[in-house]
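So the sequence lines, in the order shown, correspond to chains A and B. Under our numbering, the residues of the first sequence are numbered 1 to 308, in order. Under our numbering, the residues of the second sequence are numbered 1001 to 1308, in order.
Honestly, the hints are just simulated from the structure, not real lab data. Check before you lean on any hint, since a few could be wrong.
Here are some, though not all, of the chain A residues that point toward chain B, as calculated from beta-carbon distances under 8 Å [claimed, not checked]:
{"#": "1", "residue": "T182"}
{"#": "2", "residue": "A186"}
{"#": "3", "residue": "K189"}
{"#": "4", "residue": "H209"}
{"#": "5", "residue": "V219"}
{"#": "6", "residue": "F220"}
{"#": "7", "residue": "F221"}
{"#": "8", "residue": "P223"}
{"#": "9", "residue": "P226"}
{"#": "10", "residue": "E229"}
{"#": "11", "residue": "R261"}
{"#": "12", "residue": "L285"}
{"#": "13", "residue": "T286"}
{"#": "14", "residue": "E289"}
{"#": "15", "residue": "L294"}
{"#": "16", "residue": "Q302"}
Note that the structure is predicted; figures quoted are calculated from it, not measured. Ideal Cβ positions, reconstructed from N, Cα and C, are used throughout, including at glycine.
Given next are the chains, with one letter for each unit.
There are 2 protein chains.
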Amino acid sequence: MGTLLIVGTVAFDAIETPFGKTDKILGGAATFIGLAASQFEVEAAIVSVVGEDMPKEYLNLLSAKNVDLSGLEIVKGGKTFFWKGKYHNDLNVRDTLVTELNTLADFKPVVPQKFKDADVVMLGNLHPSVQMSVIEQMVVQPKLIVLDTMNFWMDNALAELKHVMKHIDVITINDEEARQLTGEYALVKAAEEIQKMGPRFVVIKKGEHGALLFHKEHVFFAPALPLEEVFDPTGAGDTFAGGFAGYLAATDNISFNNMKRAVIHGSNLASFCVERFGTERMHTLTRDEINKRLHQFKALTQFEIELQ
Amino acid sequence: MGTLLIVGTVAFDAIETPFGKTDKILGGAATFIGLAASQFEVEAAIVSVVGEDMPKEYLNLLSAKNVDLSGLEIVKGGKTFFWKGKYHNDLNVRDTLVTELNTLADFKPVVPQKFKDADVVMLGNLHPSVQMSVIEQMVVQPKLIVLDTMNFWMDNALAELKHVMKHIDVITINDEEARQLTGEYALVKAAEEIQKMGPRFVVIKKGEHGALLFHKEHVFFAPALPLEEVFDPTGAGDTFAGGFAGYLAATDNISFNNMKRAVIHGSNLASFCVERFGTERMHTLTRDEINKRLHQFKALTQFEIELQ
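Construct the complete structure from the given sequences, taking the supplied hints into account.
In structure tokens, the structure reads:
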């Protein structure tokens, strides 16, 4: 069983979509990553920070999936990071209504001793210097370091982002961010440029339009499963990343062919995540449901054609 | 060798993209469809109309590919349909600068006797009543009737469009148009609704985001090949349709599995079309180039995963 170290937010989200709205519910990148990764045979731990306002029963949802929380700091008297957002009818567009950093503002991740030799490190979207400080705490070079980031850091901490990128193996980034980071419109070219910045593998997430995996001259594409209903896209990207990293940690194989499978597993889990608000769908998800949908992925994409 | 009847425009296009601009060059839906279909073992004919201003050498480009032009009416003293458009930096967005219907305004397609029993009929984007008049001229029920249409007809001739839809087997339509036609945002639901309107098969074209094929409970997805450079998207949708219909006519097999191959062949040919202005790339395209890119399509999408 491989080990997976996850660093990222554990948070409160308040979400409004055309289909309904929630009060403060469990959210955060590390939460979604952990729940997705826990679907595989992997020993996973979350390093994060919350305030005393985070209900025990929310944390129990993670412990129940065997996600180690010994690296989760609970700040006495502190308040948990809070995000409130509203999605438009076109669910690809959302407005952020509230962002309260709270305890996240002073987050100094401390990697538990037991996970300083983790096989795979999944760095959720955080300030690139915070991501770097995690890498520096590892006592054994991880087999794979995966980093997620966003345009906010390109605008506000580009030098730090470029520095941490030199120390990672895989970056996950969306299409617009890949263009912003490189100035290249064609994703093939953008992925080439990003590989020159450090990561050997580039995953470009296109939301409902799927995800691309690039490595040297290799390209692989996984579509998003066409769904009857997308209820809430929150956490889909993190769920993808968690499935991707979790599968790779569990299988201990970073060949391109296995990375392809990891992309499919990530896309598969993300397709469940969007069916309910927040993390709700991930708590009840069964192995049978996962396998059934993998069959659908296969039917959706596989063909036989005679090549000369 | 199967027979394919193509009905659509043969036109002049003047195109401006961020990479350059053209004077009046050969364009039109039937032109792109014919050039794509001619890559397969198929006896293809175009029914269309042009004016006397259409240069003989443009028509020779089609004859050279063995596309039968006996159903192409040349109106004495008439002028050919002309479209002028300009693409934005985001090539998914374009402005139409000029549309001159000219001889197309009074187009009454006459199907040549020899093609009244064609195996496959490909109805390019035209007024739905004109498309219907072609179906009515067939003396043998075609094995497959494929219809392409656009939002303009939904706005201006919805009743006629719904009528012709009852007499076809496959509709090709883009994502926004599928939503407009049905009022359903999710493409899975839109495709279900469209199947109730007549066509047993629905192809939803998503441009650079690929194409979906729906039939009852079956769904298949083909991505667009990620390209280093998209030079001019004009004709990509028609090239897709021509490859799709041409392959089906050539193989005389309309099973879902063969339709999947047809979608791949259509996507493959469209990936070449966009590399040069207008039809330019299609004239020099070789069988070797096509096969090489089919291998790329396979590498891009095929994976092996253990399913339980």
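Restraint outcome when A186 (chain A) is required to lie within 8 Å of chain B by C-beta distance: holds (6 Å)
Are R261 (chain A) and chain B close enough, Cβ to Cβ, to be under 8 Å, as the hint says? At 5 Å from the nearest chain B Cβ, R261 (chain A) passes the 8 Å test, so the hint holds.
Does the nearest C-beta of chain B fall within a distance shorter than 8 Å of the C-beta of L285 (chain A)? violated (15 Å)
Hint check: 8 Å Cβ-Cβ cutoff, L294 (chain A) to chain B: holds (6 Å)
Does K189 (chain A) pass the interface hint, meaning its C-beta sits closer than 8 Å to a C-beta of chain B? holds (6 Å)
F221 (chain A) as an interface hint toward chain B, with CB separation required under 8 Å: holds (5 Å)
Return the status of the interface hint for Q302 (chain A): holds when the least beta-carbon distance to chain B is below 8 Å, violated otherwise. Holds, about 6 Å.
Is the shortest C-beta separation between E289 (chain A) and chain B less than 8 Å? With a closest approach of 12 Å, the E289 (chain A) hint is violated.
Let's test the interface hint: is any C-beta of chain B closer than 8 Å to that of F220 (chain A)? The hint holds - F220 (chain A) has a Cβ within 8 Å of chain B, the shortest such distance being about 6 Å.
For the hint on H209 (chain A), does the least C-beta distance to chain B fall short of 8 Å? Holds: closest Cβ of chain B sits about 4 Å from H209 (chain A), inside 8 Å.
Measuring from the C-beta of P223 (chain A) to each C-beta in chain B, is the shortest one below 8 Å? P223 (chain A) check passes; min Cβ-Cβ to chain B is 5 Å, inside 8 Å.
Go through the hint on T286 (chain A) and say holds or violated, using the shortest Cβ distance to chain B against 8 Å. With a closest approach of 12 Å, the T286 (chain A) hint is violated.
The earlier numbered hints that this structure contradicts are 1, 12, 13 and 14.
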